[in-house]
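Asker: Protein chains in written order, with my numbering: chain G, 1 to 472; chain V, 1 to 339.
Keep in mind that the hints are not guaranteed to be accurate.
[Unchecked claim] Listed below are the simulated DSS-like cross-link pairs for lysine-lysine, each with C-alpha atoms no more than 30 Å apart in a straight line:
| hint | chain 1 | residue 1 | chain 2 | residue 2 |
| --- | --- | --- | --- | --- |
| 1 | V | Lys232 | V | Lys325 |
| 2 | V | Lys336 | V | Lys232 |
| 3 | V | Lys336 | G | Lys127 |
| 4 | G | Lys127 | V | Lys325 |
| 5 | V | Lys325 | V | Lys252 |
| 6 | V | Lys252 | V | Lys232 |
Rather than coming from a laboratory, the hints here were simulated on the basis of the structure.
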Amino acid sequence: MPPSLFRDLTNLGGQAFDRVGELTDRVLDGNLRIGVTGLRRSGKTVFTTALIDNLLHADRLPFLDVVATGRFIAARMEPQPDQAVPRFDYETQIARLTAPDPVWPNNTKVTSQARVAIRYMPGSLLKRRLRGVTRLNLDIIDYPGEWLLDLPLLDRTYAEWSRETLELSKRHPRDALAAEWLAYLSNRDPSGPAEEAVARRAAELYTNYLLACRASDQLLSLIQPGRFVEPGELIGAPVLAFCPLPEPATRAGRHTLWSMMEERFEGYKTNVVRRFFAEHFARLDRQIVLVDVLGALNAGPAALADMQTSLSATLESFHHGRSSWLDRLLGGRIDRVLFAATKADHIPSNQHGNLRRLLDGLVAERRNAIRFEGAAVETMALAALKCTETVMAEHQGRQLSCVRGIPLGRTEPTVLYPGEIPDDHRLLDRDGIRKLNFLDFRPPTLAGRHGRGLPNIRLDQALEFLIGDFLS
Amino acid sequence: MTGRTREPGSRDPDYIQPMELDPRGNVIVVPDERASGPLPSGEPVEGETPDPVPAPRRWAVRLLVGSAAVLVALAVGYDTVDLVRRAFETSMVLGIGAAALAAGTVVGAFGLLAGELRSLRRLRQIDGLRADAEHLRTAGTHGEAERYAGAVASLYRDRSDLAVQLTSLKDHLSDAHDDREVVRMVDLQLLQDIDRRAYQLVLRASRDTAIATALSPAALLDVAIVLWRNLKLVREVASLYGARPGYVGGLKLLRRMLGNIAIAGVAESGNHLVAEALGSTLAASLSARVGQGVINGLLTARVGLTAMHLCRPLAYDETNRPSLKRIRRELLSVPKQVL
Numbered sequence: 001m002p003p004s005l006f007r008d009l010t011n012l013g014g015q016a017f018d019r020v021g022e023l024t025d026r027v028l029d030g031n032l033r034i035g036v037t038g039l040r041r042s043g044k045t046v047f048t049t050a051l052i053d054n055l056l057h058a059d060r061l062p063f064l065d066v067v068a069t070g071r072f073i074a075a076r077m078e079p080q081p082d083q084a085v086p087r088f089d090y091e092t093q094i095a096r097l098t099a100p101d102p103v104w105p106n107n108t109k110v111t112s113q114a115r116v117a118i119r120y121m122p123g124s125l126l127k128r129r130l131r132g133v134t135r136l137n138l139d140i141i142d143y144p145g146e147w148l149l150d151l152p153l154l155d156r157t158y159a160e161w162s163r164e165t166l167e168l169s170k171r172h173p174r175d176a177l178a179a180e181w182l183a184y185l186s187n188r189d190p191s192g193p194a195e196e197a198v199a200r201r202a203a204e205l206y207t208n209y210l211l212a213c214r215a216s217d218q219l220l221s222l223i224q225p226g227r228f229v230e231p232g233e234l235i236g237a238p239v240l241a242f243c244p245l246p247e248p249a250t251r252a253g254r255h256t257l258w259s260m261m262e263e264r265f266e267g268y269k270t271n272v273v274r275r276f277f278a279e280h281f282a283r284l285d286r287q288i289v290l291v292d293v294l295g296a297l298n299a300g301p302a303a304l305a306d307m308q309t310s311l312s313a314t315l316e317s318f319h320h321g322r323s324s325w326l327d328r329l330l331g332g333r334i335d336r337v338l339f340a341a342t343k344a345d346h347i348p349s350n351q352h353g354n355l356r357r358l359l360d361g362l363v364a365e366r367r368n369a370i371r372f373e374g375a376a377v378e379t380m381a382l383a384a385l386k387c388t389e390t391v392m393a394e395h396q397g398r399q400l401s402c403v404r405g406i407p408l409g410r411t412e413p414t415v416l417y418p419g420e421i422p423d424d425h426r427l428l429d430r431d432g433i434r435k436l437n438f439l440d441f442r443p444p445t446l447a448g449r450h451g452r453g454l455p456n457i458r459l460d461q462a463l464e465f466l467i468g469d470f471l472s
Numbered sequence: 001m002t003g004r005t006r007e008p009g010s011r012d013p014d015y016i017q018p019m020e021l022d023p024r025g026n027v028i029v030v031p032d033e034r035a036s037g038p039l040p041s042g043e044p045v046e047g048e049t050p051d052p053v054p055a056p057r058r059w060a061v062r063l064l065v066g067s068a069a070v071l072v073a074l075a076v077g078y079d080t081v082d083l084v085r086r087a088f089e090t091s092m093v094l095g096i097g098a099a100a101l102a103a104g105t106v107v108g109a110f111g112l113l114a115g116e117l118r119s120l121r122r123l124r125q126i127d128g129l130r131a132d133a134e135h136l137r138t139a140g141t142h143g144e145a146e147r148y149a150g151a152v153a154s155l156y157r158d159r160s161d162l163a164v165q166l167t168s169l170k171d172h173l174s175d176a177h178d179d180r181e182v183v184r185m186v187d188l189q190l191l192q193d194i195d196r197r198a199y200q201l202v203l204r205a206s207r208d209t210a211i212a213t214a215l216s217p218a219a220l221l222d223v224a225i226v227l228w229r230n231l232k233l234v235r236e237v238a239s240l241y242g243a244r245p246g247y248v249g250g251l252k253l254l255r256r257m258l259g260n261i262a263i264a265g266v267a268e269s270g271n272h273l274v275a276e277a278l279g280s281t282l283a284a285s286l287s288a289r290v291g292q293g294v295i296n297g298l299l300t301a302r303v304g305l306t307a308m309h310l311c312r313p314l315a316y317d318e319t320n321r322p323s324l325k326r327i328r329r330e331l332l333s334v335p336k337q338v339l
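Given the sequences, and given the hints that come with them, work out the whole structure.
Answerer: Structure, rendered in structure tokens:
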């Protein structure tokens, strides 16, 4: 399609221009762009906030080598390089998390960016002689997790996507949620004339279905396209007025409902998805993939499978592999990927090993593919903000490892035995084999007191893996 | 893959339904409970270093030494009692004086003995800690390392120079760390600082020996200097790591170290150093004495580093092993300093 090709070219030109500016930046200072990848509700915003907070205070990162060896000097927030992107509102987030009555961040609605500049002494004598005190600029991006699932669309045609989505919507537990939309579609002919009203109504019903998926307690993560549920600045734009259709027998006719939808789908890919990818993900150096394993476990095997598919599809869009210095300069490849099971504080700490192994099994396929491409991959269980403590409690003469914290919506702390999570997801195939129960906990009261930064679990080791070599 | 399914209840007799428990009930916060738990006795495994060669007639030697010691103690005690009795016969004042002196001697001897025994026990305790740490590092367990951390911390409890490190160790440890992480944390927060200081001690001692040997006029004096300086270094390093050895402990340590050094191959390093020293143009013109000084310095460095290995409550891993490299460089500048 000529117009989209042209648009791609202009995009490319603009990017090239941006990159020249960035290039000089990179040569002069160390720049590192971290992609915080995660489906919705995996805790990207909290992770970003905790990351910034802990870097600024640097008092709860004992395993970050630069801090442990006393070479860390200070860090502060600086204006980010992309002027057009909103700044990540760290101050508000941290204020809300550390308030006397703390609350979790709301759904993220738009992308935002933060830059943290770290000043440190290089570890090797040679570098220290050459450069003295050095700095590293760390760029972190926060965005609605819903949008991430748009990335797999780039490799799909409208026909493929329609088929997959329709198939999925007819399966349990989605079939009930999709009933109204499917009923509406069954009365329409895709090869009939293109009517705006029909398209709008169908898109609206489809959006309702997606919203229902999002709201369901099954924690369904495969929600495409992401802008339908989290439109950002695109509310009501015609590019959002499409939905999957059953493929017509004959593909003839230019002004059919099918062809109109197909055109909009392609337009969505070009104008929304590709732009999002190019602006935020194409230049990543390092990637952390946050996975809310516990939430999915709580919701059941369907949610777990859903999450696995979504993650796997998403990660295919990125370029991984060892980057040469030229790649590094141009920001071409991601050479380190960390898979992190978030909210590890929701289970007693003696189960962290199992949680890590469980995640390892879940992402095994992608992990091996990425490793094959040449990037380093690691899995971890972490908590960006530690809300609970592990305690031993006695129950019918047995010692149980429990977590103690204040659940959401309550004021008194409780002691919860969440069950034992297995170390392999295949043990979870059937409902009820292992009943697990995780509660959502409130952020700890006055978490940031003593100016030490937010309490966390293994944030330092995650950082060491992600940026440690840049700070050596 | 696990194709078989069973009833949830029958799956596992140990299965416990997830539940909330009464927060006011019998709940123990984990790290506190562990940290205040009883210290490990630090008893090492019996026969910690099994001798590769069976020791022949060990019981005979023991019998000989033991009997002789008891005999001497008996004789000395008998004579002392006799002496005190005769002193009382001569004069009351003299008698009281002699008795007091005898009592002082006995108390002093027991005090010394107790001190030596305590220091030996400390050394053994550190050996035990090192074995514990090795186990914790590899076992992948959770919740057992707090006791280890507590034991190491209590080893350095009275040290004002480590107060900062101890506080930061306490601050950074949380209930979320598994055993490997706790051990690493002890290493990072506490021991690496001690390592740095111990390394400085070794560096200084080896330079001292090198210069003193190079300058000393007599060979016999060399031996004395090297021996004295090495013993002093070992005791310094050991005290820094909290082993605080007595005389016997120091000697024992030195003996073990000499064994280790022999295995590590001093000859190799000596040759290497001579080659290096004589290879350079400046050193080629130096007298043999200076070369000998450098070798003695290197020997001292080896002794010091081995002492560090043996006194540390946690074995070094591949990354933080103290190396001879810097000391060697330092020592090679000694000839220039001397000339």
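Asker: State for each hint whether it applies.
Answerer: How the hints compare with the structure:
Only pairs whose Cα atoms come within 30 Å are accepted, and lysine 232 of chain V paired with lysine 325 of chain V is accepted, the gap being roughly 23 Å. Straight-line distance between C-alpha atoms of lysine 336 of chain V and lysine 232 of chain V comes to about 26 Å, which keeps the hinted pair within the 30 Å bound. The suggested pairing of lysine 336 of chain V with lysine 127 of chain G holds, with an alpha-carbon distance near 28 Å, which does not exceed 30 Å. Annotation: proposed proximity of lysine 127 of chain G to lysine 325 of chain V holds, straight-line Cα distance about 20 Å (limit 30 Å).
Taking the CA atoms of lysine 325 of chain V and lysine 252 of chain V, the gap is near 27 Å; set against the 30 Å cutoff, the hint holds. Between lysine 252 of chain V and lysine 232 of chain V the alpha-carbon distance is near 13 Å, which keeps this suggested pair within the 30 Å criterion.
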